[in-house]
Structure formats: structure tokens, C-alpha cells
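**Q** Each chain is listed here by its residues.
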Amino acid sequence: EDQVTQSPEALRLQEGESSSLNCSYTVSGLRGLFWYRQDPGKGPEFLFTLYSAGEEKEKERLKATLTKKESFLHITAPKPEDSATYLCAVIFTGGGNKLTFGTGTQLKVEL
Amino acid sequence: ETGVTQSPTHLIKTRGQQVTLRCSSQSGHNTVSWYQQALGQGPQFIFQYYREEENGRGNFPPRFSGLQFPNYSSELNVNALELDDSALYLCASRRDGGTNEKLFFGSGTQLSVL
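In the order they appear, the protein sequences are chains A and B. Using our numbering, count along the first sequence one by one with no gaps and you end on 111. Using our numbering, count along the second sequence one by one with no gaps and you end on 114.
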């Protein structure tokens, strides 16, 4: 069964304490992997798209990487404003154009 | 450039009633998708409309239906509401339904069914 699993479910960091969020997928024919940020009561906000193993994207304190089985979202020296839920989603062959989401990692960055 | 806008932002209905949610896609986008997000879960795909035709559907019963209009705005209709339909309903748009391009999401409609 095509599946997207994110870990950890929740993560608490001190300001400046770098860490990584994981997204593993078991889909046949990955066509794209997406990272979104979601604040409470809001819709997901697009961060990155990755298409092939070895690809990396960066934006401010965030860096996304992709292998054949998983993706990592690295957060360097996080600030309290980085607190949010981070969602991973994939598009895969045979899945049409729908995004299949994981359940997210809830990140809290404290002073 | 306006983003994806949804209305209403919040809605309370009772079991058995019907509801219509509305979405205006981002300028230049001809593809609209609807997702249901239960509390603590990731969004679940309901269906997608491309140039006024449904071109993809998730595992939702027929009482979930939709429309897309010539200006690419869209409606989600849910009949015979059930308690489990309580969720955040998200509309998303992209420029072309046949590509892997990113989706832009609206802020959602929070539906509560009592």
C-alpha cells in the first residue's frame, strides 16, 4: 500500500538547536515530494518540491533532501517563528495528480 | 496576484443537513482540488477539477460532490452530513492539472457537524 510516514510526531527544540524531520515513503514511481508548513487554523504553505534522489533545496534556515526511500527537512538554528506543523506529501505513478500526505511533525521552538 | 480564497471560514451544521463550500482559485490557475483534514491528521484528497471536469477522486462517498465554473472557481457540496464530516476543508489550485506542479492552498473552511 502506498504510504507516507513522518517522524517524529512532535519535536520540541531550543532556539538555535538544529535538527531534522523525516518523511519516509513506500510508493511505486515517485513523481514528486513536497514539503509544506501549516500554522494552526491555516492552510498548508508550500516550502519545497523535490523530484529525484540526490536533489536538495534550501530556503533560509530550511534545507530539504531526497533519497530513494525518504526525505529530510533539516532546520538549522531554528527560531520561535519556525514553530508549526511540517507536512510531507508525494505524487506517485498511478495516483493521478493527488497529493498523499503524511500526518505531519509538530515543531515547537522555545526561547 | 490574489491567492486561493475560501468561504465561509467557519460553519456549524447539524447531522443530516447539506452544506456548500466555496473556493476561488489563484489567478492563472485552471485546476482546483479539495482536501479534508481531520484534527491531527494530514489532508486527505477528495477530488480534483480541471477545466470544469472532475479528473480524479479519492475514497469519499458520492454524497461529496463538486463543481468547477468557467472562471475556475469551485464548490464542494456535502449531503446528509455525518458527525465524522467535521473537519477543515481545504481548497487548493495549480496552473495545470496534468503536471506535478505545487499546489497552493487556501486557509480552509472549518466545518463542525453537531
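Just so you know, the hints here were simulated from the structure itself, not pulled from any lab data. Ideal placement from N, C-alpha and C gives every residue a C-beta, glycine not left out. One or more of the hints may lead you astray.
Over the 10 Å line for every Cβ pair with chain A, so calculated as not near, a few chain B residues [claimed, not checked]:
| id | residue |
| --- | --- |
| 1 | R15 |
| 2 | G28 |
| 3 | A80 |
Below are the SDA-like pairs computed for lysine to any residue, each with C-alpha atoms no more than 25 Å apart in a straight line [as the list claims (entries may be wrong)]:
| id | chain 1 | residue 1 | chain 2 | residue 2 |
| --- | --- | --- | --- | --- |
| 4 | A | K42 | B | L67 |
| 5 | A | K108 | A | V27 |
| 6 | A | K108 | B | Q41 |
| 7 | A | K57 | B | T14 |
| 8 | B | K102 | A | P40 |
| 9 | A | K42 | B | T14 |
| 10 | A | K69 | A | F92 |
| 11 | A | K68 | A | T49 |
| 12 | A | K108 | A | F92 |
| 13 | A | K79 | B | G40 |
| 14 | B | K102 | A | Q3 |
| 15 | A | K79 | B | L67 |
| 16 | B | K102 | A | R12 |
| 17 | A | K69 | B | H29 |
| 18 | A | K42 | A | T93 |
| 19 | B | K102 | A | L111 |
| 20 | A | K42 | B | L39 |
| 21 | A | K63 | A | T100 |
**Q** For the pair supplied as a hint, K57 of chain A and T14 of chain B, confirm whether the alpha-carbon distance does not exceed 25 Å.
**A** violated, 45 Å
**Q** Verify the proposed pairing of K102 of chain B with Q3 of chain A, using a straight-line Cα cut of 25 Å.
**A** Distance of about 19 Å is within 25 Å: holds.
**Q** For the pair we were handed, K42 of chain A and T93 of chain A, check the Cα-Cα distance against 25 Å.
**A** Roughly 29 Å between the alpha carbons, so the hint for K42 of chain A and T93 of chain A is violated.
**Q** Are the Cα positions of K69 of chain A and H29 of chain B separated by 25 Å at most?
**A** Distance ~31 Å between K69 of chain A and H29 of chain B Cα, so the pair is violated.
**Q** Are K108 of chain A and F92 of chain A close enough, with their CA atoms no more than 25 Å apart?
**A** violated, 31 Å
**Q** Next pair to validate is K108 of chain A with Q41 of chain B; report whether the Cα-Cα distance is within 25 Å.
**A** Holds, at roughly 17 Å.
**Q** CA of K102 of chain B to CA of R12 of chain A, is that 25 Å or under?
**A** violated, 28 Å
**Q** Does the alpha-carbon distance linking K42 of chain A and L39 of chain B stay inside the 25 Å limit?
**A** Answer holds: K42 of chain A to L39 of chain B is near 12 Å, not above 25 Å.
**Q** With a cut-off of 25 Å on the C-alpha distance, tell me whether K42 of chain A and L67 of chain B pass.
**A** Answer holds: K42 of chain A to L67 of chain B is near 23 Å, not above 25 Å.
**Q** Are the Cα atoms of K42 of chain A and T14 of chain B separated by 25 Å or less?
**A** Judged against 25 Å, a Cα distance of about 24 Å means the pair holds.
**Q** CA of K69 of chain A to CA of F92 of chain A, is that 25 Å or under?
**A** holds, 13 Å
**Q** Please settle this one: A80 of chain B was flagged as non-interface, so is its CB more than 10 Å from every CB on chain A?
**A** The claim holds: A80 of chain B sits with its nearest Cβ about 24 Å from chain A, beyond 10 Å.
This entry does not satisfy hints 5, 7, 12, 15, 16, 17, 18, 19, going by the numbered hints stated previously.
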